[in-house]
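Given these sequences and hints, build the entire structure.
Just so you know, the protein sequences line up as chains R and C, in that order.
Its first residue numbered 1, the first sequence is counted upward by one per residue in our numbering.
Its first residue numbered 271, the second sequence is counted upward by one per residue in our numbering.
These aren't lab readings, by the way, just hints derived from the structure by calculation.
Since this is a predicted model, take the numbers as computed values, not measurements.
Positions of the beta carbon are idealized from the N, C-alpha and C atoms, including for glycine.
You may find that some hints are simply not true.
[What the hints assert, rightly or not] Under 8 Å between C-beta atoms, here's a sample of chain C residues computed to sit facing chain R:
hint : residue
1    : V296
2    : R347
3    : G348
4    : G364
5    : H565
6    : T568
[Unchecked claim] No more than 25 Å apart at the CA atoms, straight line, and that leaves these computed lysine to aspartate or glutamate pairs for DMTMM-like:
hint : chain 1 : residue 1 : chain 2 : residue 2
7    : R       : K129      : R       : E262
8    : R       : K251      : C       : E359
9    : R       : K251      : C       : E369
10   : C       : K544      : C       : E531
11   : R       : K100      : R       : E125
12   : R       : K241      : C       : E362
13   : C       : K562      : R       : E181
14   : R       : K129      : R       : E108
15   : R       : K129      : R       : E242
16   : R       : K244      : C       : E362
17   : C       : K562      : R       : E125
18   : C       : K562      : R       : E171
19   : C       : K513      : C       : E369
20   : R       : K241      : R       : D255
21   : C       : K520      : C       : D417
22   : R       : K244      : C       : E359
23   : R       : K241      : C       : D422
24   : R       : K100      : C       : D281
25   : R       : K241      : R       : E85
26   : R       : K244      : C       : E369
27   : C       : K520      : C       : E556
28   : C       : K562      : C       : E541
29   : R       : K7        : C       : E541
[Said to hold, decoys possible] Partial selection, computed: residues in chain C whose CB lies under 8 Å from chain R:
hint : residue
30   : T282
31   : G292
32   : F293
33   : V318
34   : D319
35   : G321
36   : H324
37   : E351
38   : I355
39   : H418
40   : N532
This is what each chain is made of:
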Amino acid sequence: MFTPTAKALEEPLQFRSGDARLHGMLHHPVDAQQGAVVLCTADGEERAWCHRTYMFLARTLASRGVAVLRFEYTGQAESDGAYEETTLATRVNDIAAAVKLVIDRTGETAPALVGARLGATCVLEFASKRPQHPIALIEPVLDTSAYARNLLRVNLTTQMVIHGQVVQTSEQLLERLAAGEFVSANGYLLSHNFLEGLEQQRAAEQLTAFQGRALVVATPALRITTSSAEIVRTPFPPFWKEPKADMTPPKAVIDAIASWLEQQVGRRAQ
Amino acid sequence: MSVGAPVHALDTGVPVSFDFAGFNLVGSLHATNRPASHGVVLLNQGPVDRGGSHRLYIKLANELTAMGVPVLRFDARGVGESDGIWQAETQETGLSILEAYGHIQRGVWKDDALAAIEFMQRTTGVSRIILGGLCGGATTAVFAGVDHPAVDAMFLIGTPITFSSVTRRTADLPDAIIERDSAAYRRKLFKLSSWSRLLSMKTDYRTMAHVFMVQLQRQVGRLGGDASMPGDDDGNINLPLIKSILRACKRRKRLLFVYGENDYLWQEFQEHLKRFGSDRSRLPFELKTIPKANHILTEASWQQALFTSVCDWYSRIAGSQAHRQPA
Numbered sequence: 001m002f003t004p005t006a007k008a009l010e011e012p013l014q015f016r017s018g019d020a021r022l023h024g025m026l027h028h029p030v031d032a033q034q035g036a037v038v039l040c041t042a043d044g045e046e047r048a049w050c051h052r053t054y055m056f057l058a059r060t061l062a063s064r065g066v067a068v069l070r071f072e073y074t075g076q077a078e079s080d081g082a083y084e085e086t087t088l089a090t091r092v093n094d095i096a097a098a099v100k101l102v103i104d105r106t107g108e109t110a111p112a113l114v115g116a117r118l119g120a121t122c123v124l125e126f127a128s129k130r131p132q133h134p135i136a137l138i139e140p141v142l143d144t145s146a147y148a149r150n151l152l153r154v155n156l157t158t159q160m161v162i163h164g165q166v167v168q169t170s171e172q173l174l175e176r177l178a179a180g181e182f183v184s185a186n187g188y189l190l191s192h193n194f195l196e197g198l199e200q201q202r203a204a205e206q207l208t209a210f211q212g213r214a215l216v217v218a219t220p221a222l223r224i225t226t227s228s229a230e231i232v233r234t235p236f237p238p239f240w241k242e243p244k245a246d247m248t249p250p251k252a253v254i255d256a257i258a259s260w261l262e263q264q265v266g267r268r269a270q
Numbered sequence: 271m272s273v274g275a276p277v278h279a280l281d282t283g284v285p286v287s288f289d290f291a292g293f294n295l296v297g298s299l300h301a302t303n304r305p306a307s308h309g310v311v312l313l314n315q316g317p318v319d320r321g322g323s324h325r326l327y328i329k330l331a332n333e334l335t336a337m338g339v340p341v342l343r344f345d346a347r348g349v350g351e352s353d354g355i356w357q358a359e360t361q362e363t364g365l366s367i368l369e370a371y372g373h374i375q376r377g378v379w380k381d382d383a384l385a386a387i388e389f390m391q392r393t394t395g396v397s398r399i400i401l402g403g404l405c406g407g408a409t410t411a412v413f414a415g416v417d418h419p420a421v422d423a424m425f426l427i428g429t430p431i432t433f434s435s436v437t438r439r440t441a442d443l444p445d446a447i448i449e450r451d452s453a454a455y456r457r458k459l460f461k462l463s464s465w466s467r468l469l470s471m472k473t474d475y476r477t478m479a480h481v482f483m484v485q486l487q488r489q490v491g492r493l494g495g496d497a498s499m500p501g502d503d504d505g506n507i508n509l510p511l512i513k514s515i516l517r518a519c520k521r522r523k524r525l526l527f528v529y530g531e532n533d534y535l536w537q538e539f540q541e542h543l544k545r546f547g548s549d550r551s552r553l554p555f556e557l558k559t560i561p562k563a564n565h566i567l568t569e570a571s572w573q574q575a576l577f578t579s580v581c582d583w584y585s586r587i588a589g590s591q592a593h594r595q596p597a
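What follows is the structure, encoded as structure tokens:
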């Protein structure tokens, strides 16, 4: 039923970001190191469904000589902390801690960053002040305000299923959030600070302004503002959601990222 | 739908790994510093990593370790951070999620669970084991625990009693769901907006027709003397699982079933309750339900109800074990 994955050493790591102890996995390259990458996951429920694709991506890159760090943000998966205490800023701080770890462990001075969905948004925020890092963004959340509204909509949908009607409107939920309460979206507790951060983020503008090396892998439906980034448009299933049918990670996305990273390493060698 | 509960920073344990049949399985061990009568092993709910949906397993592990119970969460082959890919994933057709659920519900991860039990005993020194899990984790627990001499008990959350690969057909839905959907359609007769959807062809006519057709067929069937409980020849039912549950009860293993009352798997389970005894008040296992809760218990109050049920149940098991041990 299962086939072992031919792969290199995978080393579990724990490292600190502020007060939190984060969980990571360093995928050592199979042969001589050809660069290093930090994989930044999607968020909350989307993170869970992304996980398989990230494992495939990490193992693919490691098999091609790239050192890869996968890690989890504070309050998510195997990292310590409480999700409801985190914000976009804490996620970006977590990325900074992960990048520092990779620099220390691999000797690469400017590892690349790969992010999917809200992870891509955080990568963009991090790299906007550090353009020396090549970045690859998979279906990035460029309209974070709409993303925040969708999270609240999840709560409304749950209310419909449980009560047959909406018992607390979006406005009422926002009032409760402002009063310091939390609102559940698929079991992840949203806070006022997190949603406020999403409202204020300007990811589309950051992508337009970004002057470093960037790749965006996106479905044809994603609206992308003018950018100097290389854009690969390809249809692929939303692997950040519970699959309706095929759960095999999207090969097109993994191949696009792997090829682009190889080009970056080649460019650096020249 | 919203909570003002104090924030609890969760401890995620220590990363561990162990070998099973050439596959490296990765886990997280929540150790305790006092001796416990049992260790708990939590089993993947499906193709979701060892933290569970919205970290439910991590929250549960924190509750149990607060009672002094060590907990191992781990990823089976082909899920989370563990080694292995499903063979179907290497083929052109890929792997459908329903296929994966179907394999899990037939016990594909039983041997992974047995390896985890051995690792737990070797690492923590506990001799007695309790298995637990949600959905697919519950089925794995039953298959792994029924014949294992060290497993005393299993807690089973949202256990699917039918195979996922076929439950999407309207004809396989439980009576309660058919009745609910049909009642919802009937209520819509009095809503202008529903008529507007119907006439503008926005209604899912096919599903609506299937719901009424299945309801009619079942009502006619009952008039003809058909039993309300589906028969053993229904390929939809996970008979190996039901037989294993019965065998576990016969072997005096302690079982706790927990369901959210809004989980359609609860409706299915009720239709099969007679398989476990004619008198509902004398079932060979404990059964708890959580009002309004859904399958993955997304609200904090539902999670708290689960933790209370599992921890109280554990205390009774550990207590009875303590009485037994001096003898």
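For each hint, the structure was consulted:
At its closest, the beta carbon of V296(C) sits 7 Å from a beta carbon of chain R; the interface hint therefore holds under the 8 Å criterion. The beta carbon of R347(C) comes within 4 Å of a beta carbon in chain R, closer than 8 Å, and the hint placing it at the interface holds. Taking 8 Å as the C-beta cut-off, the interface hint given for G348(C) holds, the closest approach to chain R being about 5 Å. Residue-level restraint check for G364(C) holds (minimum Cβ-Cβ distance to chain R is 4 Å; threshold 8 Å).
A cut of 8 Å between beta carbons decides the hint on H565(C): the least distance to chain R is about 10 Å, and the hint is violated. For T568(C), the interface hint holds, since its Cβ comes within 8 Å of a Cβ in chain R; the closest pair sits about 4 Å apart. Distance check on the hinted pair: K129(R) and E262(R) sit about 24 Å apart at the alpha-carbon level, within 25 Å; holds. Restraint check for K251(R) and E359(C): satisfied, since their Cα atoms lie roughly 11 Å apart, inside the 25 Å limit.
Between K251(R) and E369(C), the direct Cα distance comes to roughly 20 Å. Compliance with the 25 Å bound is thereby established for this hinted pair. Proposed proximity of K544(C) and E531(C) is supported: the alpha carbons are some 18 Å apart, at most 25 Å. The suggested pairing of K100(R) with E125(R) holds, with an alpha-carbon distance near 16 Å, which does not exceed 25 Å. The suggested pairing of K241(R) with E362(C) holds, with an alpha-carbon distance near 21 Å, which does not exceed 25 Å.
Our distance criterion of 25 Å between C-alpha atoms is met by K562(C) and E181(R), whose separation comes to about 21 Å. For the proposed pair K129(R) and E108(R), the alpha carbon gap of about 18 Å is at most 25 Å, so the pair holds. The hinted pair formed by K129(R) and E242(R) fails the criterion: a straight-line CA distance of about 34 Å is larger than 25 Å. A threshold of 25 Å between alpha carbons decides the hint, and for K244(R) with E362(C) the separation of about 17 Å falls inside it, so the pair holds.
As the CA atoms of K562(C) and E125(R) are separated by approximately 40 Å, the hinted pair breaks the 25 Å bound. Between K562(C) and E171(R) the alpha-carbon distance is near 23 Å, which keeps this suggested pair within the 25 Å criterion. About 22 Å separates the Cα atoms of K513(C) and E369(C), which keeps this hinted pair within 25 Å; it holds. The hinted pair formed by K241(R) and D255(R) meets the criterion: a straight-line CA distance of about 20 Å does not exceed 25 Å.
This hinted pair checks out: K520(C) and D417(C) have alpha carbons roughly 11 Å apart, not beyond 25 Å. Note on K244(R) and E359(C): the hinted pairing holds, with a Cα-Cα distance of about 16 Å set against a maximum of 25 Å. Of the pairs offered as hints, the one joining K241(R) and D422(C) is violated, with about 37 Å between alpha carbons and a cut-off of 25 Å exceeded. Taking the CA atoms of K100(R) and D281(C), the gap is about 24 Å. The hint holds against a cut of 25 Å.
Between the alpha carbons of K241(R) and E85(R) the distance comes to roughly 24 Å, so the proposed pair stays at or under 25 Å and holds. Distance restraint check for K244(R) and E369(C): the Cα-Cα separation of roughly 11 Å lies within the 25 Å cut-off, and the hinted pair is therefore satisfied. Annotation: proposed proximity of K520(C) to E556(C) holds, straight-line Cα distance about 14 Å (limit 25 Å). Restraint check for K562(C) and E541(C): satisfied, since their Cα atoms lie roughly 19 Å apart, inside the 25 Å limit.
Distance restraint check for K7(R) and E541(C): the Cα-Cα separation of roughly 47 Å exceeds the 25 Å cut-off, and the hinted pair is therefore not satisfied. Here the hint on T282(C) is kept, as its CB sits about 5 Å from the closest CB of chain R, short of 8 Å. A least Cβ separation of about 6 Å between G292(C) and chain R falls short of the 8 Å threshold, and the interface hint therefore holds. The criterion of a C-beta within 8 Å of any C-beta in chain R is met by F293(C), whose closest approach is roughly 6 Å, and the hint holds.
For V318(C), the shortest C-beta to C-beta distance to chain R is roughly 6 Å, which falls under 8 Å, so the interface hint holds. Hint on D319(C) holds. Least Cβ distance to chain R is approximately 5 Å, under the 8 Å limit. The interface hint given for G321(C) holds, since its Cβ lies 5 Å from the closest Cβ of chain R, which is under the 8 Å cut-off. Interface restraint check: H324(C) against chain R, minimum CB-CB distance 3 Å, threshold 8 Å, status holds.
Taking 8 Å as the C-beta contact cut-off toward chain R, the hint placing E351(C) at the interface holds, the least distance being around 6 Å. Taking 8 Å as the C-beta cut-off, the interface hint given for I355(C) holds, the closest approach to chain R being about 6 Å. At its closest, the beta carbon of H418(C) sits 21 Å from a beta carbon of chain R; the interface hint therefore is violated under the 8 Å criterion. Proximity of N532(C) to chain R holds as hinted, the smallest CB-CB distance being about 6 Å (cut-off 8 Å).
Taken one by one, the earlier hints fail for this structure at numbers 5, 15, 17, 23, 29, 39, listed in ascending order.
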